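Undergrad: Please build the complete structure, drawing on both the sequences and the hints.
Now for the letters of each chain:
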Amino acid sequence: MFEYAPAPESREIVDIKPSYGLFIGGEWVDSQGEDHHKTINPASEEVLAEVAWATEADVDRAVQAARTAFTTWSALPGSERAKYIFRIARIIQERSRELAVLETLDNGKPIRESRDVDLPLVAAHFFYYAGWADKLGYAGFGSDPRPLGVAGQVIPWNFPLLMLAWKIAPALACGNTVVLKPAETTPLTALAFAEICRQADLPPGVVNIVTGAGETGAALVNHPGVDKVAFTGSTEVGRMIARSVAGTRKKLTLELGGKAANIVFEDAALDQAVEGIVNGIFFNQGHVCCAGSRLLVQESVADEVLDALKRRLSTLRLGDPMDKNTDIGAINSAAQLAKIRELSEAGVTEGAERWSPPCPIPDRGFWFPPTVFTGVAQSHRIAREEIFGPVLSVLTFRTPAEAVEKANNTPYGLSAGIWTEKGSRILWMADRLRAGVVWANTFNRFDPTSPFGGFKESGYGREGGRHGLEAYLAV
Amino acid sequence: MSTTTAPFAEVASSNATLRAFLHGLPGVDRVGADARAAMLGTRSIKTTAKAQAIDLAISMVDLTTLEGADTPGKVRAMCAKAVHPDPTDPSVPRVAAVCVYPDLVATAVRALDGSGVKVASVATAFPSGRSSLDVKVTDTALAVAAGAAEIDMVIDRGAFLSGDYLKVFEEITVVKAACGGAGVARGEQGAHLKVILETGELATYDNVRRASWLAMLAGADFIKTSTGKVQPAATLPVTLIMLEAVRDFRLRTGRVIGVKPAGGIRTTKDAIKYLVLVNETAGADWLTPDLFRLGASTLLNDLLMQRQKMATGRYAGPDYFTLD
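Line order of the protein sequences matches chains A and B. The numbering of the first sequence is the numbering used here, which starts it at 1 and goes up by one. The numbering of the second sequence is the numbering used here, which starts it at 1001 and goes up by one.
Some clues are possibly wrong.
Partial chain A-side listing against chain B, Cβ under 10 Å, derived [what the hints assert, rightly or not]:
1. 9
2. 267
3. 301
4. 303
5. 304
6. 315
7. 323
8. 442
I should point out that these hints are in silico values taken from the structure, not numbers from a laboratory. These numbers come from a predicted model, not from an experiment. Using N, Cα and C, we set each Cβ at its ideal position, and we do this for glycine too.
TA: Listed below in structure tokens is the structure:
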């Protein structure tokens, strides 16, 4: 047997302060409230730092700072704004190891993923939108499209820094200023980003970071001085935001939940399809809104694919996220773990068959083994509700038409995957799938040039690519 | 003449059935296969695992010299190195085999007598395989008669690429028979047959998968990537596909076939990537010199250098490792 010795990434490179204030107007300021909360490492439950939970008054201060900065920032030529954004992108690249370690400590995702996926994409996103800043007149939104003003942005905990990049990069490129609220369980990389803004000499107030939970988010979204609201997170919260923004002048984009179908045809490249299934649902512990959480496999190859999948899952390495060989890290929070457990138990109760590879679970921290449910029916909760964890529901189909019907039979519509060696079938399927992203012979591939967003209850608006500019321009 | 394993008894009854079978194998998506191999290449093998991997890799080396300029003196020197890779450190394992041209087999056999290091010989008009079947069989018989325990044959890539799979199949079965030599009639085990696919000339991953199955069906004991004379030689994705093939072949027939990447593996880091690939694809059962080999000439010294670095904490200069 070839056992890999522990290969931990060093955490020496990060310097976490014992407590953090709010980043408003280019300065670190104390919250006007008394509410401070600890952020922990979900893999060990160790306290990493204490952060302020911003009050309405704090949020008001941040919006005022952004409003003040907007006058000068929006008046800068695009080529000047681009210089700042390019500088931010380069600093992110230079500090990528540090940021990857920080992300892994605060979020629980494996260092291999934060190092090889999150951070390269974060830098790429800033580089990409920096390039647009002086070319907005050629983006198809008029010869001189204007920014909206102050963007209030609320982001989730699954890809903390990457979601920050998706929000801030296009906003700044278009000439807006930003007040961003990171998720309450993962504030540290956003706070590190505040330092990067200072390092890049970004004018004060262009980016403001207010930490906190739902109340802080609500204060930001409801603030009358905000011109644009961008939210990524659960459909439930998205609905609340849509209600509160309705009837105001605020422009809104929502990127919400998903229950994506990953569709494997009998003529697929099966070994690669199995990799795609694994990457679709076990990447980032399944904390991915576009995760391929429903496997639709053609009945004629179902046994073969499931055998291969189970064999492959037995090689997954769950454990210390800081170990460079870890494939499955920690669940981000106790609350999320409880939700995953609740839905998994519902799956068993409803009659689906549950399987996990033999997999030792660490004593401390929040963990859930990679789990596969077979014998799942469309009516089961695990086939309909977003679990947001490493849990795959397997369904079968007989014909392409049935695959489309089942794939679309969900209130969500964020993504889908098609696995076949037949090019014409990919096109036929892609025309019929009601999903914002359709991957062919791959899954969970992201690129800043490619628009991302949902159909139906997965939200509206697009992020990424030329399309992503529209959300931050007065068009 | 078919030696096909029972579940596939009818597969090679004609070129049509063979073609239907090989083209019925699931395709390989190049992007996905490359990505998987690259991901496994990021595994971090340190400390005790690295020490274990280095010794395992040394014991899997087929130390190779396949030059026009090879002489008995050169082969004897290489054999000495094969038995004692590091003369100052007896704890270093010996390599698995030496690999030479047929005319030098006898020299190698004498030099390695009693050492446990096997003698492998390339044969069948290596490296191009462009000759008559008679010449290929004679070439093989020469090496076997001289005492080769392993034969590394090349497939007829021209026949394969023109779709004449049956010709390739039959050549392998005939060479396999020739590997038996005179002793097989007396119940002795014949030479092991490694079938070189020359994946650099097959070009597509679909072809690599088909050629792997073709060779296994025809009786190969090992499938090997390359002659080392064509670029690209061994690559991680190609080896990944061959490891998937031997894994699936065992599931369907119960027979266990070995894999040998050869050519272009020069560093310890590379060798360890191959071991990780084996470990996480075919499985730990294949992590033995009986089922996995690394065909290489310069790799051994890097393994020795890294081994010494692990033991002493510093690198010795290249002059401390013998060049032969």
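Undergrad: Does each hint hold? Answer for all of them.
TA: Hint-by-hint comparison with the structure:
| no. | hint | result |
| --- | --- | --- |
| 1 | 9 | 9 Å, holds |
| 2 | 267 | 8 Å, holds |
| 3 | 301 | 9 Å, holds |
| 4 | 303 | 12 Å, violated |
| 5 | 304 | 9 Å, holds |
| 6 | 315 | 5 Å, holds |
| 7 | 323 | 8 Å, holds |
| 8 | 442 | 7 Å, holds |
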